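Colleague: So the sequences go chain by chain: A and B. Our numbering puts the first residue of the first sequence at 8, with every later residue one more than the last. Our numbering puts the first residue of the second sequence at 8, with every later residue one more than the last.
Calculated from the structure, these hints are not laboratory results. Predicted, not measured: the structure shown is a model, and the values here were computed from it. Any given hint could be a false lead.
Unchecked claim - Restricting the straight-line Cα-Cα distance to at most 27 Å, the calculated cross-link-like pairs of lysine-lysine (DSSO-like) are:
(1) K84(A) <-> K73(B)
(2) K40(B) <-> K37(A)
(3) K37(B) <-> K40(A)
Claimed, not checked - Here are a few chain B residues that sit away from chain A, every Cβ distance over 10 Å (derived from the structure):
(4) P12
(5) R17
(6) D21
(7) D24
(8) A25
(9) A26
(10) A52
(11) E89
(12) I91
(13) A98
All residues carry an ideal CB built from backbone N, CA and C; glycine is no exception.
There are 2 protein chains.
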Amino acid sequence: MSDNPLDEYRASIDNIDAALVYLLSERFKKTTKIGAYKAENGLPASDLGREESQIARLRQLSLDAKLDPSFSEKMLKFIVDEVIRHHERQAADRAGEAGDTA
Amino acid sequence: MSDNPLDEYRASIDNIDAALVYLLSERFKKTTKIGAYKAENGLPASDLGREESQIARLRQLSLDAKLDPSFSEKMLKFIVDEVIRHHERQAADRAGEAGDTA
């Protein structure tokens, strides 16, 4: 055992970060499926109504969890921006494939 | 049940987001304790060596989880920037308290 009291907290943070990585990986699996569906059906990459309801829900969850709601909102925006980039790439890939067979 | 196939994916995403919120709340509990210790001991809010080892670890975990390592790195940076702001506030609050009793 280390004498540094920070080490115990950091070991917990490392565990939490590993859980976050695996959860985010699962999350991107779902958004990849959404991206494929949107690309197939010509739907836009972003969906403002959905994002607004996600933000409202996350703000309430954050209050319950004693997490700063504005941090959660920024965090969701950060993740959603990445998701939208993925969706746009999926749509462009699909358009490219369609062009190949035209 | 809805006929919209996106609804099933979105229900899973909502579950994952709730888990992320609760995990992040636990993570901030730990970093708040670290901030208090650093403020008490006059340690700097950020620790470059620690951050570098966290990034290296997260990159490897991301590869294992099939998550884009550069996304994980950006995400960690986003969280750590928030943590550092908290630590700086804790140090300033402590300095203020010390001033009051001087």
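Colleague: Against the structure shown, which of the earlier numbered hints fail to hold, in ascending order?
Modeller: 2, 3, 4, 5, 6, 7, 8, 9, 11
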